[in-house]
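Undergrad: Residue numbers (the working numbering), protein chains in the order written: chain X, 1 to 325; chain E, 1 to 434.
Keep in mind the hints are simulated off the structure, nothing from the lab.
Be aware that one or more of the hints could be misleading.
As the list claims (entries may be wrong) - Covered by chain X, according to a simulated footprint, are these stretches of chain E (three or more residues, beta-carbon under 8 Å):
| hint | segment |
| --- | --- |
| 1 | 122-128 |
| 2 | 185-195 |
| 3 | 211-218 |
| 4 | 373-384 |
| 5 | 410-417 |
For every residue, glycine included, the Cβ atom is placed at its ideal position computed from N, Cα and C.
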Amino acid sequence: MTRISAPTRGTGAAARRKGPAATPARSRRYRLRRLAHWAFLLPAGAYVLFAFAIPVVYNLVLSFEQTSPATISHLTAPFAGWSNYTTTLKDPTADSAIVRTFSFTVLSLLFQFLIGFGLALLFNLRFPLRRFARSLILVPWLLPLLVTGVIFKFLFQLEAGAVNQVLVDLHLIHQPVGFVLSPGWAYVTVLITNIWIGVPFFTVLLYSALQDVPPELTEAARIDGAGPWQRLTRVTLPVIRPVIEVVFVLGFVFTVKVFDVVIGLTNGGPANSTQLIATWAYNLSFQNFNYGAGAALSTVLLLIALVAAPLYIWLNRESLRGDAL
Amino acid sequence: MRKQHRIGRQARTAVAVAGATLLAVTAAACSSSSSSSAGGSNSNSNSNSKVTITEFDYYTGGANDAINAYNAQFMRAHPNITVKRTAVPYANLITKILQDASAGDMPNLLIIDNPNVPEVAATGQLVPLDTMPGFTTSGYTTGAISECTYQGKQYCYPIGTNAVGLFYNKAMLAAAHVSPPTTWAQLQADAKAATTSSHYGIAFDATNDEQSTWQLEPFFWSNGASLTNVSTPQFQQALQVWVNMVKDGSASKSVLTWGQDPDLTQQFLHSKAAMIIDGPWIFPELNAAGWKYNQQYGIVPIPVNKSGQKVIAPLGGETADIGAGGSSAQQHAAWEWIQGLQQPATMEHVTSMMYYLPSKPAVVQQYLQGGPEYNVFAQETENARPRTTEYGANYPKVSQAIWTAIQSAITGTSVSSALQTAQGTISGISKVSG
């Protein structure tokens, strides 16, 4: 990136410096070129405006409006001030959904990283059928999330559920457990499912990072007498640290807005015990038809996700500056 | 150092590609769900020339066949009218209609579930039928008319009506030496007696959606409770019956995830439950499995707290509504379509294909001669109460507070505190006149 753009910037600066003294033809060519730059930006700009700016701004506007079915056929509804935010955030279900989303995200990322990194280390070794196993690991990622939710619902069901069958046959439990039928277990079940879905993401990216660790570094460490654990913590982890950071940031964004899995597996139940911010906002908007409240909660979700954006850019800038050296 | 960074960049590229792929997949998923054709843009004012009307519904199975048959019959009788039908999944229909309403582009004919009528009418995008030539409310059950009323105007005719009853497996009750229950005490005793190691005594729907509120309504309405005050002894007693049956093992905890159809139907047909609460829409599945009324199974009304109480069930079934926005020729054609369905012979034929009950008592009498299995539902729909009478367009919010209380109580919260929480929510919901 920087290597390609740097020379362009250089000629641009040179042209600007020569500007006043240059011939009219030259400056016209320069202006045309500037124009062309902007023209090339236009499609991307229009796309960003259409696909990101409009929905976000509309959501923001909606969150300050007093909406009802009667206002739906008008472009605007009466101004509501902060009332959508105050009533939504006072609602105990919304509060617990926000807290739950945080714990859910932290636990998901932790386990996804531990399992994903473990698998990445495994695939970094040479063993038969390695390629085949590595492609199998992608399966959770390829399934539509809603399908995954429904499949896990069948696996975890009380009567004739595969998980209960296996656990009973192994004598680990005596009675089948109602995994999605009690608030505590339902949370754990959704968490397990989401971890299963997220592991391939971590595995694939960490594996590709491991592939890039220069063998001579580990080789040198080995000669210096470092054990496997030291080689991992002193050589491998510091080398792939930038990737780990970025993967965590992206993982955070994907997890904090989890929706489909919950809808397919528990639909937020029982008794709203698995509602996350995204599912509860959907519920407010499209089951209660309280668009204002749903939009307010979506804005909260957006703000939380936005925390990740500057972090991502900051992490990227660090390594980009390193590139230029 | 340098090499290390170049390496880092490759991995970062992988991250970026992966991220972009995910984004693309998400975007594709979003766009495919929102793209579907909107109807009602054909403007044709001359009634003699060809008119095309659009019709939206969520029918599947028998109802799907019924509506196709009626559309064909209607188009044969009206060669100048073409009906373009669009079937949308149940969960999407109301969202789709509200989207169309916000764009001012409603279909000409809408077939929507009766509790949704007030909120769609509130958008101002439905044509009041009172002004249509030949409109009458006489000859219909009271519930059928009041479910179509919003702020003093009539917005629809019911396509057909239905209600829930108690289906029982004759052999299983006989083996337990009990007769079909009529009171709550008998229901709980029977359910317990009919529970064995291989099957439960009863199954009902306590899922986190409208279905569970709808199944509990006959219990608390018959006991004198109402939607406006759920924190009353009458309401608590009703919910307690359900909680007791799960607690003592007569019903599976899975009732929290079993929908009316196909889940409860499958439990019943696979002899996993001696009794289920369900409605006439399951007849096609019972027939397909070779189960016959009065041989393998029987039906009784939903039991009441004390004998002598009248069963008040919620009124079920869809309604036919006309969307505003079409030309007058299209609105007229849509009205013709609805009127055609009100003819006794057509009404009987179409509702029988749907396994629903006709909304005119006179037609019901005719209907029952061919189908004694509908007796219980016919009795219940006579006194059935529309769900939207008190809260109108806000009924879905009230219903959600109730089904959340049902799930809390079944998963361990005490009935009184679960209902107190629900009451807290309901007190903040305004009554939008029905």
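Undergrad: Now tell me if each hint is right for this structure.
TA: Tested hints:
no., hint, in the structure
1, 122-128, "holds (count 4)"
2, 185-195, "violated (count 0)"
3, 211-218, "violated (count 0)"
4, 373-384, "violated (count 0)"
5, 410-417, "holds (count 4)"
Of the numbered hints stated above, those contradicted by the structure are hints 2, 3 and 4, listed in ascending order.
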